[in-house]
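In order, the protein sequences belong to chains A and B.
In terms of the working numbering, the first sequence opens at residue 218 and continues consecutively.
In terms of the working numbering, the second sequence opens at residue 218 and continues consecutively.
In short, the hints are calculated from the structure, not lab data.
Accuracy of the hints is not assured; some may be wrong.
Which copy is meant is left open, because identical chains are indistinguishable; a pair holds if it fits in one copy or across any two.
Said to hold, decoys possible - Derived DSSO-like pairs (lysine-lysine); straight-line CA-CA distance at most 30 Å:
1) Lys395 <-> Lys219
2) Lys237 <-> Lys473
3) Lys546 <-> Lys251
4) Lys237 <-> Lys506
5) Lys219 <-> Lys375
6) Lys506 <-> Lys251
7) Lys473 <-> Lys546
8) Lys597 <-> Lys659
9) Lys554 <-> Lys567
10) Lys562 <-> Lys549
11) Lys562 <-> Lys237
12) Lys237 <-> Lys567
13) Lys473 <-> Lys549
14) Lys407 <-> Lys375
15) Lys219 <-> Lys567
16) Lys251 <-> Lys549
17) Lys738 <-> Lys659
There are 2 protein chains.
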Amino acid sequence: MKLHELITASLTGQATLVIKNANVVNVFTNEIIKADVALAEDTIIGVGEGYSAPVEIDAEGAYLCPGFIDAHVHIESSMVIPDSFARVIMPFGTTTIIADPHEIANVAGTAGIRAIYKLSDDLPLRVMFMMPSCVPATPFEHSGATLIAEDMAQFLRKSRMLGLGEVMDCGSAINCSKDMLDKLRLFDGKPIDGHAPLLSGRALNAYRIAGPSTDHECSNFDEVLEKLRTGMKILIRIGSAANNMDEIFREIVARKLPTDNMMFCTDDKHIENIQQEGHINCIARLAVKCGMDPIEAVKMASYNAARAYGLRNIGAIAPGYKGDMVLFKDLKDFEVKQVFTRFGKPYEDKPTPMPIIPPAVFNSVHLPPLSKESFALHAKEVMPVISLIEGQLVNTRKDLPVLRDENGLFISGNGLNKLAVVERHHATGNIGLGILDGFGIKNGAIASTVGHDSHNLVIAGDNDDDMLIAAEALESCGGGFCVVSRGIVLARLPLPIGGIMTDAPVEDVLELQRALLDAAKYIGISASNDPLVTLSFLALPVIPSIRLTDRGLFDSINFQFIE
Amino acid sequence: MKLHELITASLTGQATLVIKNANVVNVFTNEIIKADVALAEDTIIGVGEGYSAPVEIDAEGAYLCPGFIDAHVHIESSMVIPDSFARVIMPFGTTTIIADPHEIANVAGTAGIRAIYKLSDDLPLRVMFMMPSCVPATPFEHSGATLIAEDMAQFLRKSRMLGLGEVMDCGSAINCSKDMLDKLRLFDGKPIDGHAPLLSGRALNAYRIAGPSTDHECSNFDEVLEKLRTGMKILIRIGSAANNMDEIFREIVARKLPTDNMMFCTDDKHIENIQQEGHINCIARLAVKCGMDPIEAVKMASYNAARAYGLRNIGAIAPGYKGDMVLFKDLKDFEVKQVFTRFGKPYEDKPTPMPIIPPAVFNSVHLPPLSKESFALHAKEVMPVISLIEGQLVNTRKDLPVLRDENGLFISGNGLNKLAVVERHHATGNIGLGILDGFGIKNGAIASTVGHDSHNLVIAGDNDDDMLIAAEALESCGGGFCVVSRGIVLARLPLPIGGIMTDAPVEDVLELQRALLDAAKYIGISASNDPLVTLSFLALPVIPSIRLTDRGLFDSINFQFIE
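All chains, full assembly: derive it from the sequences and hints.
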């Protein structure tokens with residue numbers, strides 16, 4: 218509808234759809250107002266009494282909120298294409314996501330970004346983007362592509378590209394690397410996402426001045442408070458892996474901190490977890506459970522994010538705002554009664570007919586010639602070990618005595634496994650090797666081409682034979698996950714799009730994923746951490762404390778290689 | 218300082234100025250934190266302990282706040298040039314103004330806007346602008362210039378032009394006049410100020426959808442609440458003329474309304490009033506007196522306005538923000554201890570050396586040939602009368618019996634005077650005549666070329682002789698104010714810049730203004746309303762209820778001429 222038609226429709230009350238008898242949450246006044254909401258096509262034209270329309274929906278007193286917003290998410294981490302992802306999250310009331318396509322960018326560069334932008338164009342889900350800022354994530358690894366400021370300029374005028382994505386490479390920002398400052402300057406005045414776990418004091422000040430104005434990595438309240446004081450917007454994240462938010466919510470409530478610079482995100486949350494727990498609505502539920510005022514929780518889940526990212530026409534139910542809304546049965550459990558899409562229409566679950574996937578994102582796995590010997594790891598008596606922490610992405614470095622064969626090569630045992638990261642984009646032959654504590658694999662291997670953020674091939678195992686077979690099994694299907702035991706591929710999830718996504722139906726993906734988890738359990742991996750998530754983050758050098766890239770073992774607190 | 222220098226300075230703590238021992242108001246956390254604030258040139262690089270610098274200032278425990286922001290003001294209404302205006306308001310802690318130069322635009326069009334933009338370029342006061350949207354204010358009057366969307370496009374890229382100024386012509390917006398929608402579309406996505414006194418219901422919805430997203434005209438709490446619910450940002454205004462804010466503040470506090478979409482403005486406040494009461498700090502003082510939390514009041518006076526107008530680097534004391542700050546002795550009376558300018562330097566009162574005023578804004582008064590007969594008003598027994606309300610800009614229409622001579626011409630008496638509005642830009646000969654209740658002039662006339670917003674010549678008097686002399690007295694000095702009695706000019710304030718401003722020193726302006734007020738009192742004008750302000754608003758057809766333009770008597774509720 219054109220502007221003059223909308224103005225006239227609102228003046229005369231000519232609606233195309235009216236939601237009757239709703240308890241409407243007003244994010245501007247913190248009121249819940251019993252009213253009808255009138256829409257003309259995709260736009261709200263009035264909130265009040267006396268509207269009628271060809272289509273009328275009875276809300277039966279349910280709570281009408283602005284559609285929820287995931288302020289920071291990587292669609293690729295769902296392993297399905299945007300259309301399928303939308304159908305997973307929309308039933309939970311999320312109507313907008315702010316996506317950082319840095320996974321596909323690490324594999325396929327600007328062609329990858331264009332592909333996912335195109336695949337999310339016509340969905341009922343509003344998909345906005347942030348430009349991946351760190352491809353590769355750090356100079357300490359090799360990815361499939363490198364993005365410099367010059368590559369990014371072409372995206373500046375795209376209407377759904379809101380700003381610069383998470384600046385994970387804090388060191389480059391603080392130390393004024395020319396490449397990084399070029400990117401920051403290019404996006405000056407637009408939203409710039411930060412990613413600065415545990416960054417503090419003057420380093421945090423310098424990071425803020427460099428440009429990033431949000432953070433989604435806080436793992437305790439003091440970190441929230443310090444970052445908030447600097448003017449950073451805090452994205453409270455509950456994804457699949459990291460989860461320590463109860464204390465943070467309780468402290469925010471206890472100290473009566475203003476929440477207008479806080480919002481919610483999932484970052485990486487697996488489909489199975491979403492289906493079980495919900496999406497952004499499950500973060501709102503936790504907030505309320507921890508004492509947060511329900512209207513404040515709704516604002517954190519919608520309005521605050523819209524405002525932070527400059528989305529002027531969503532995040533509120535008021536004249537001129539778009540019809541993205543969600544009806545909740547209550548503001549405690551946030552169980553969804555009905556969702557209204559960005560088209561101002563009731564959400565219905567149906568797939569987009571046959572999305573065309575750009576060919577550039579297929580055929581991404583290119584391995585060097587591998588043999589058992591490729592995984593031989595010369596070890597000293599005591600070795601630095603990557604030690605997992607239950608329920609956290611953050612890990613710790615331990616220095617432990619290890620078993621060795623007669624040639625001084627590392628042998629799995631005493632709960633320690635071998636970890637390998639193989640550069641898989643350009644067959645360079647780069648292989649990083651390390652030791653992993655906490656997986657407990659016996660007689661097998663698990664492998665993945667999903668390996669944040671460079672998406673190299675990550676393999677953990679207790680023997681080189683199975684590790685080699687796992688590598689070959691993934692090369693042959695264009696990437697994905699697999700579990701191998703005693704020479705046999707027990708389970709495999711092919712991810713032919715960039716080695717990280719598939720256009721297969723969500724149900725098929727979940728079934729194969731369950732098979733993978735069963736197989737992982739069979740080879741002894743403890744079920745307390747999701748082994749697929751854990752594996753795929755072991756190569757990410759921006760999360761503390763110790764990681765393995767294709768270039769070797771990395772100290773991700775001091776940002777240097779180990780030995 | 219360049220970005221990399223700032224980043225490095227903040228990382229190493231290399232400050233050029235440190236404010237020690239301040240109680241720093243943090244607008245993000247609503248905390249008051251005892252700390253030092255370190256600046257590198259004009260930018261804050263750290264808030265905390267352990268900073269030293271070549272210049273150190275001891276705050277002695279005073280309260281350091283972000284510099285206050287006047288969110289909506291017409292510099293021209295001060296009658297002095299920007300440099301002088303800055304020196305009046307900065308001692309009260311206002312460091313930024315968002316100015317709508319629509320007064321000079323009504324006189325001199327785009328040349329007038331360029332002139333005031335240039336005159337405010339290098340001041341210690343941060344002067345931002347909104348593009349005047351209604352020049353003339355309505356189609357119901359003649360001004361010196363007409364601005365259409367095409368004229369405005371040249372200003373879009375100017376860094377200090379933030380958006381579209383107050384859309385006073387609500388009717389054109391709601392009724393989709395092409396001219397108005399062209400302007401609104403041109404500024405789509407930028408801040409658009411509204412001006413919609415008493416607009417309500419579906420008309421308000423339509424106005425919101427058309428674009429305006431702020432309002433500074435609310436005169437009661439219900440109006441605040443209704444507009445706030447639609448997502449409008451509320452500018453609480455305390456200027457010279459309108460003043461009804463105590464009730465509004467008390468209700469906001471009582472109902473615990475969120476204040477993040479509220480801010481402060483003066484709109485039009487005479488220098489004398491500023492010097493007596495203060496500027497934005499006096500609104501904060503009233504808010505706190507009415508029960509507002511002091512930190513919320515500080516945010517309304519600074520951060521909220523910065524955020525509403527997209528000023529990303531002011532409104533907070535945090536790394537990366539500019540050094541515009543103010544030290545208050547307490548957060549109750551808001552008495553200023555020290556001000557820090559946008560250059561991050563302590564404010565010192567000194568004039569800009571010899572500002573060069575563009576010639577285009579001189580010589581703006583062009584009257585038609587006038588005689589006593591120009592003011593002859595044929596009257597019926599009962600006439601519609603403009604009746605003033607004490608302490609308000611809003612007036613009421615009364616229909617009163619009037620005195621007439623033998624020719625049926627109106628004669629002053631029974632407290633009624635004559636009012637004339639003479640088109641004065643292009644000598645067209647247009648003269649509007651009406652009757653005024655509440656001024657009580659005896660044996661004299663008062664005249665002004667400041668006549669919002671078209672700035673025609675407004676004359677009130679009880680006899681045509683003195684009205685004619687008043688007109689001539691202003692023509693001969695390029696415009697201004699004057700008071701005449703029995704053929705003698707008792708007092709005159711020349712305003713040679715557009716007939717509305719002068720580059721004379723503030724002290725001289727005030728002295729002449731006092732002389733004018735004395736003279737006004739001498740001819741019987743009650744002192745309860747400022748007669749200069751009252752007079753200059755009598756021709757503004759966007760303020761209820763009844764006004765006089767050069768085209769005649771106007772019903773400014775139903776937007777139509779009377780008779």
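Subject >> Non-conforming hints, listed in increasing numerical order >> reply: none
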